[in-house]
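Engineer: Single-letter residue listing:
There are 2 protein chains.
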Amino acid sequence: MSKIQPRTLSGFMELLPARQAQFDRMVEILRETYSLYGFTPLDTPLIEASEVLLAKGGGETEKQIYRFMKGDTDLSLRFDLTVPLAKYVALNYGKLTFPFRRFQIGKVYRGERAQRGRFREFYQADIDVIGDGKLDISNEAEIPAIIYQAFTRLGLKRFQIRVNNRKILNGFYAMLGLTEKSGDIMRTVDKLDKIGAEKVKTLLMDEEIGLTEEQAGEILTFIAITGSNEAVLSALEGYRGRNEVFDQGLDELNTVVKYLAAFGVPQSHFAVDLTIARGLDYYTGTVYETTMLDHPEIGSICSGGRYDNLAEYYTDKQLPGVGISIGLTRLFFVLEDQGYLNDALNTAPADVLILPMTDDLSPAIALATTLRQAGIRTQIHAEQKKFKQKISYADKLSIPYAVFLGEDEISSGVCAVKDLASGEQVKLAPAEAVAHIQAGLDKLNQGKPILDKGE
Amino acid sequence: MSKIQPRTLSGFMELLPARQAQFDRMVEILRETYSLYGFTPLDTPLIEASEVLLAKGGGETEKQIYRFMKGDTDLSLRFDLTVPLAKYVALNYGKLTFPFRRFQIGKVYRGERAQRGRFREFYQADIDVIGDGKLDISNEAEIPAIIYQAFTRLGLKRFQIRVNNRKILNGFYAMLGLTEKSGDIMRTVDKLDKIGAEKVKTLLMDEEIGLTEEQAGEILTFIAITGSNEAVLSALEGYRGRNEVFDQGLDELNTVVKYLAAFGVPQSHFAVDLTIARGLDYYTGTVYETTMLDHPEIGSICSGGRYDNLAEYYTDKQLPGVGISIGLTRLFFVLEDQGYLNDALNTAPADVLILPMTDDLSPAIALATTLRQAGIRTQIHAEQKKFKQKISYADKLSIPYAVFLGEDEISSGVCAVKDLASGEQVKLAPAEAVAHIQAGLDKLNQGKPILDKGE
Numbered sequence: 001m002s003k004i005q006p007r008t009l010s011g012f013m014e015l016l017p018a019r020q021a022q023f024d025r026m027v028e029i030l031r032e033t034y035s036l037y038g039f040t041p042l043d044t045p046l047i048e049a050s051e052v053l054l055a056k057g058g059g060e061t062e063k064q065i066y067r068f069m070k071g072d073t074d075l076s077l078r079f080d081l082t083v084p085l086a087k088y089v090a091l092n093y094g095k096l097t098f099p100f101r102r103f104q105i106g107k108v109y110r111g112e113r114a115q116r117g118r119f120r121e122f123y124q125a126d127i128d129v130i131g132d133g134k135l136d137i138s139n140e141a142e143i144p145a146i147i148y149q150a151f152t153r154l155g156l157k158r159f160q161i162r163v164n165n166r167k168i169l170n171g172f173y174a175m176l177g178l179t180e181k182s183g184d185i186m187r188t189v190d191k192l193d194k195i196g197a198e199k200v201k202t203l204l205m206d207e208e209i210g211l212t213e214e215q216a217g218e219i220l221t222f223i224a225i226t227g228s229n230e231a232v233l234s235a236l237e238g239y240r241g242r243n244e245v246f247d248q249g250l251d252e253l254n255t256v257v258k259y260l261a262a263f264g265v266p267q268s269h270f271a272v273d274l275t276i277a278r279g280l281d282y283y284t285g286t287v288y289e290t291t292m293l294d295h296p297e298i299g300s301i302c303s304g305g306r307y308d309n310l311a312e313y314y315t316d317k318q319l320p321g322v323g324i325s326i327g328l329t330r331l332f333f334v335l336e337d338q339g340y341l342n343d344a345l346n347t348a349p350a351d352v353l354i355l356p357m358t359d360d361l362s363p364a365i366a367l368a369t370t371l372r373q374a375g376i377r378t379q380i381h382a383e384q385k386k387f388k389q390k391i392s393y394a395d396k397l398s399i400p401y402a403v404f405l406g407e408d409e410i411s412s413g414v415c416a417v418k419d420l421a422s423g424e425q426v427k428l429a430p431a432e433a434v435a436h437i438q439a440g441l442d443k444l445n446q447g448k449p450i451l452d453k454g455e
Numbered sequence: 001m002s003k004i005q006p007r008t009l010s011g012f013m014e015l016l017p018a019r020q021a022q023f024d025r026m027v028e029i030l031r032e033t034y035s036l037y038g039f040t041p042l043d044t045p046l047i048e049a050s051e052v053l054l055a056k057g058g059g060e061t062e063k064q065i066y067r068f069m070k071g072d073t074d075l076s077l078r079f080d081l082t083v084p085l086a087k088y089v090a091l092n093y094g095k096l097t098f099p100f101r102r103f104q105i106g107k108v109y110r111g112e113r114a115q116r117g118r119f120r121e122f123y124q125a126d127i128d129v130i131g132d133g134k135l136d137i138s139n140e141a142e143i144p145a146i147i148y149q150a151f152t153r154l155g156l157k158r159f160q161i162r163v164n165n166r167k168i169l170n171g172f173y174a175m176l177g178l179t180e181k182s183g184d185i186m187r188t189v190d191k192l193d194k195i196g197a198e199k200v201k202t203l204l205m206d207e208e209i210g211l212t213e214e215q216a217g218e219i220l221t222f223i224a225i226t227g228s229n230e231a232v233l234s235a236l237e238g239y240r241g242r243n244e245v246f247d248q249g250l251d252e253l254n255t256v257v258k259y260l261a262a263f264g265v266p267q268s269h270f271a272v273d274l275t276i277a278r279g280l281d282y283y284t285g286t287v288y289e290t291t292m293l294d295h296p297e298i299g300s301i302c303s304g305g306r307y308d309n310l311a312e313y314y315t316d317k318q319l320p321g322v323g324i325s326i327g328l329t330r331l332f333f334v335l336e337d338q339g340y341l342n343d344a345l346n347t348a349p350a351d352v353l354i355l356p357m358t359d360d361l362s363p364a365i366a367l368a369t370t371l372r373q374a375g376i377r378t379q380i381h382a383e384q385k386k387f388k389q390k391i392s393y394a395d396k397l398s399i400p401y402a403v404f405l406g407e408d409e410i411s412s413g414v415c416a417v418k419d420l421a422s423g424e425q426v427k428l429a430p431a432e433a434v435a436h437i438q439a440g441l442d443k444l445n446q447g448k449p450i451l452d453k454g455e
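Chains F and W are the protein sequences, given in the same order. This note's numbering puts the first residue of the first sequence at 1, with every later residue one more than the last. This note's numbering puts the first residue of the second sequence at 1, with every later residue one more than the last.
Do not take every clue at face value.
You can't tell identical chains apart in this list, so a pair holds if it fits in one copy or across any two.
Stated by the list, open to error - Cut-off 30 Å, straight-line C-alpha distance, at most; resulting in silico cross-link-like pairs (DSS-like, lysine-lysine):
1) LYS70 / LYS56
2) LYS95 / LYS418
3) LYS448 / LYS157
4) LYS385 / LYS427
Because the hints were derived from the structure by calculation, they are not lab data.
Let the sequences and hints guide you as you build the complete structure.
Structural biologist: Right, dumping it as structure tokens:
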């Protein structure tokens with residue numbers, strides 16, 4: 001029979017088992033963390049009617065969408081988790097209770113040009129809080145606090161959540177009489193990290209935007225306000241009283257900074273950063289980006305913000321919200337690429353490999369049942385293989401314990417438990433074996449999936 | 001602005017939050033159970049190159065496939081988890097360790113005619129053990145034992161795993177000189193439950209298959225062998241010695257039955273059933289179906305079997321395996337429809353709702369942090385709402401505890417913890433509150449997701 005060459009599409013991450021175990025552990029920690037803050041899990045379809053998914057229309061994303069006909073239905077794969085959330089909330093408005101707090105960790109699709117570290121199928125891990133008509137400002141501090149908690153639980157240390165407020169920016173541009181150009185200006189300023197101040201200034205003064213040198217200078221002075229959060233907030237006070245929206249944004253930012261501290265986020269891990277604007281138009285207040293301090297080149301690993309109207313394309317209800325999204329697949333790729341994954345963590349498919357030394361497997365099965373009832377992941381190696389091959393199997397998979405069960409052990413009601421890392425072997429009764437193995441596993445499973453050597 | 005009517009495609013399950021929590025709890029139990037038996041999680045792309053996914057070609061499934069072009073690439077959405085597994089194993093053969101035990105719980109796509117209880121996007125929860133060249137028979141007992149364990153942990157009681165062996169069937173047809181017709185015969189016999197013995201006999205004797213009345217009679221006599229497992233196995237001994245394949249199948253079946261008992265599966269929950277053949281050609285030995293005893297009309301909720309050649313379309317390597325698959329979305333639909341879901345289980349997004357009674361939220365945030373550190377899922381209700389509205393919020397979401405924190409409580413270092421089911425309210429220091437709430441939650445979270453009233 002002629003064979004088809006097996007392959008996985010480019011831009012689609014498919015992991016080997018040990019890596020998959022690490023990825024899954026990260027997802028589990030995110031689920032746990034999001035749940036601790038009262039977020040409920042959602043799972044929406046990967047396919048939506050194109051008319052619904054693309055209600056907002058246009059934009060750069062549209063070209064990237066996987067869109068196709070099935071019969072006479074025009075379908076699209078979701079390209080983020082926000083539009084499906086908007087649809088879900090509009091559709092189920094009467095059945096939901098607000099503020100509605102949901103998390104969703106799922107795959108999304110964008111047909112980007114294939115490129116190392118860019119994915120066409122990738123996980124996003126989102127949290128959003130949606131209010132009915134109103135939503136308290138404290139949510140805007142809690143969201144990044146959750147991200148701080150999540151990254152810390154994952155083991156990441158050297159990261160910083162950068163916070164700004166669009167009202168401050170909009171208010172500032174209004175002071176300069178540049179309100180109509182503020183969108184263009186912000187998109188340009190957004191490139192500061194990538195292209196530097198001089199090029200931003202040039203872009204601001206070129207034909208398309210057309211600022212005077214003075215205006216461009218004022219903007220660069222403004223976004224050059226840096227330093228401690230206290231210093232930045234204090235410098236912003238100097239602009240107070242000139243524009244109502246600005247003042248409101250400054251009040252909000254003060255509150256967010258105050259509550260971020262109350263939520264236990266250390267000063268080292270969040271920074272007021274006036275250059276953060278987020279390119280997207282729907283953000284209306286607080287905005288976030290998150291940087292790995294030792295790898296600024298990879299850009300933001302977690303971004304989001306406050307929006308006033310989640311579902312305006314589907315409903316007249318005013319549904320303000322605040323949300324944030326981790327690009328999980330890309331983050332995982334970067335972590336692996338940069339050597340951040342903790343390979344000391346137990347990624348074996350089983351904690352124990354039982355090697356039965358008798359033809360009848362019943363005693364091995366009984367022992368496996370005892371171990372499994374105690375929560376120990378157990379595999380019986382029942383294949384007709386040599387002893388050495390079975391031990392090599394455990395080694396290759398990094399299974400921490402081998403248990404031998406021969407006639408002698410069976411007749412004296414014990415089993416031989418071997419720690420495959422230390423080589424230490426002891427004969428124990430089943431209940432003792434459980435305790436012995438559990439103690440070893442507790443040590444082995446202490447680590448976090450990310451090993452960040454930074455302080 | 002004109003609105004787009006929000007909707008979810010027909011045939012796509014999208015759950016409300018409490019139901020989603022129940023579904024997720026079921027997935028979690030399956031993951032835990034599969035992991036206890038040494039299966040490693042896999043996650044393959046939802047999209048594959050059509051050439052790869054449809055290597056086997058033809059078949060009824062092909063018409064149902066979501067297939068489309070993106071640029072000049074011919075793509076398809078996976079329609080099961082077995083073909084992607086075959087691709088994965090063939091592609092990564094040199095990097096995997098055999099026997100390779102993996103589980104995968106993921107969505108698959110089939111464009112079936114829309115119909116109540118039929119889904120176009122649905123979860124399958126699969127386990128497979130793949131050998132390199134050989135695979136021990138004991139795996140064929142362990143697989144259904146895992147399913148017994150999984151369903152039992154979910155709370156299902158009245159179900160039966162039905163086991164047969166294709167070699168017994170093939171050997172039997174060989175005895176009658178009907179080897180070439182055995183495929184047709186088995187597909188016909190497979191309909192026994194649906195259409196009854198008389199119609200099966202008619203079909204066997206019609207032009208297409210063309211058996212004599214005697215042959216059809218022998219087949220019906222054979223598949224009428226029923227009773228206890230012991231009785232069936234004993235009746236089968238009567239055919240021994242007439243065909244080698246038959247004898248081998250009977251040996252295998254005896255071994256599977258013996259080890260199923262060793263794995264702790266009670267006689268009530270598995271039955272040797274000679275009518276089980278599974279329509280699919282790639283099964284070569286043991287085959288399984290699982291029935292809800294009180295709802296035989298819904299058909300098999302979990303099926304699978306032994307195959308000799310997982311990846312023959314991709315590689316010359318002989319990769320025998322055994323696997324089983326739960327159609328999770330359909331099962332969940334049936335459980336909901338038939339009133340099997342345990343609505344007493346805690347499905348609230350949070351365990352505790354904190355109601356701050358002061359303008360400054362810092363004390364509420366500090367208390368929330370304490371509760372969360374103890375693993376208690378906690379939400380702060382910080383919205384500008386009346387007290388009654390906040391309590392009603394907790395009620396609507398079935399949040400078990402409300403915690404009030406006013407000036408009095410803050411100054412005396414306590415909080416008021418109210419059990420919203422009993423109405424009981426106590427003032428406690430934070431550490432006491434943690435213990436009090438945890439004790440209550442332990443009781444509340446004891447239940448299983450399925451409430452099967454049968455014995």
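Engineer: If you check each hint against the structure, which ones fail?
Structural biologist: Of the numbered hints given earlier, the structure breaks none, since each of them holds.
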